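Starting from the structure of chain A, add chain B where the hints point.
Residue numbers (the numbering used here), protein chains in the order written: chain A, 1 to 164; chain B, 1 to 168.
No wet-lab data here; the hints were simulated from the structure. Predicted model, so just to flag it, every value in this text is computed and none were measured. Don't be surprised by glycine CBs; every beta carbon is placed ideally from N, CA and C. Be careful, since some hints might not be right.
[What the hints assert, rightly or not] Pairwise CB distance ranges (calculated):
1) R118/A x F8/B: 48 to 54 Å
2) T154/A x M1/B: 44 to 50 Å
3) I104/B x G21/A: 25 to 31 Å
4) F8/B x I13/A: 42 to 48 Å
5) F8/B x V108/A: 40 to 46 Å
6) V108/A x R122/B: 33 to 39 Å
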Amino acid sequence: MMYLLARLEETLISEWIRETGWVFFGSLIFHSLALALVVGMSLAVLWREVGFAASIPAGRFGEFIPLSKLGLMVVLLSGLLLLIAYPAKALSNPVFYLKLTAILAALVITWRIVANNRLTDPVSGKPGARRRLAWLGLCLWLTSVAAGRFLAYTHNVLLASSFY
Amino acid sequence: MVDLLLNFAQVSGVYAFMHSAWGWPIIESLHFTGMCLLIGSVGVFDLRLLGMARRVPLQALHQLIPFGIAGFSLNMLSGTMFLVSAPDQYLFNPAFQTKMLMIILAGMNMLLFYRTAMGAVRTVPADALPAPRARLMGGTSLACWSMVIICGRLITYYRPPYHWCFWC
Chain A
1 MMYLLARLEE TLISEWIRET GWVFFGSLIF HSLALALVVG MSLAVLWREV
51 GFAASIPAGR FGEFIPLSKL GLMVVLLSGL LLLIAYPAKA LSNPVFYLKL
101 TAILAALVIT WRIVANNRLT DPVSGKPGAR RRLAWLGLCL WLTSVAAGRF
151 LAYTHNVLLA SSFY
Chain B
1 MVDLLLNFAQ VSGVYAFMHS AWGWPIIESL HFTGMCLLIG SVGVFDLRLL
51 GMARRVPLQA LHQLIPFGIA GFSLNMLSGT MFLVSAPDQY LFNPAFQTKM
101 LMIILAGMNM LLFYRTAMGA VRTVPADALP APRARLMGGT SLACWSMVII
151 CGRLITYYRP PYHWCFWC
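Next comes chain A alone, as it looks inside the complex (with noise of 0.2 Å):
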């Protein structure tokens, strides 16, 4: 497995990313931005949904899919080079494993509610399950969030040269 990451270390496309400033950084300043973008809406969307805001029409919030799309795939593609740029240092640390899983069990809850409340505006349900779900997704992303930040302390291997 070290070998195979070793190998993907070397090759062009990681080492141009670890090792053009501008690639990195744009790749770094990207996500962040992104990340922003659908953690805060996505949040706007929870705390609707616990019971916060009460007056915004939550069916509407479906209206900002487009832009939360958008988003996503710039988090997932300035990621994924990230993830490039330093394969060994990411995939062997469960860190990594942990905000891979807390994003999507959060996307999947967040998406539901949105999904939900389109269908059904104004809102339908249990009130009592529909909070616990959303306080559940709040918790979620905010866990992604923090395993984001801890993955740049907590790696144990660290094969390329040029770390930033």
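Just chain B now, kept in the frame of chain A:
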């Protein structure tokens, strides 16, 4: 200035916490959470001012702003902890200086917005656009906060004292 901040960090215990095993990543996590809260409220409101998701009433969306204030407060606190724990990495860093400038600009834009445009924005119905002045301020706010995020990431790129700064 550097000595003053470092002294504060050491006396208050912030320095010891930040340089412990998990101090920096914990505070970074809070800083990023604050950023998401800010963009998820102020940023979403700015996007609506610019004409996105027009069926969402602006007056209702404004109820999310307290989350933005909470996010900004969290980031002021966590940001101060970074600054006092490694002042030389921030004070002489052009990315940090630009970030502070953008925060001041965003603050001035916000004050101007509440003094001159918010009254009319409250009465904008769903499906309608606010006045051009309010849209311009929404765009300015979004641009400033985006620059704050960009400069925040670039702080690690510039390693003082090898780069230009205002007073070195």
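Evaluation of the provided hints:
Restraint check, R118/A to F8/B: a C-beta distance of roughly 51 Å satisfies the suggested window 48 to 54 Å. Checking the proposed 44 to 50 Å range against T154/A and M1/B shows it is violated: the Cβ atoms sit about 33 Å from each other. Roughly 28 Å separates the CB atoms of I104/B and G21/A, a value that falls within the hinted 25 to 31 Å. The hint said 42 to 48 Å for the Cβ distance between F8/B and I13/A, and at roughly 45 Å that hint holds.
Evaluation of the 40 to 46 Å hint for F8/B and V108/A yields a pass: the beta carbon distance comes to about 45 Å. A C-beta distance of roughly 36 Å is found between V108/A and R122/B, which places it inside the suggested range of 33 to 39 Å.
Comparing the model with each numbered hint stated earlier shows that hint 2 is the single one that does not hold.
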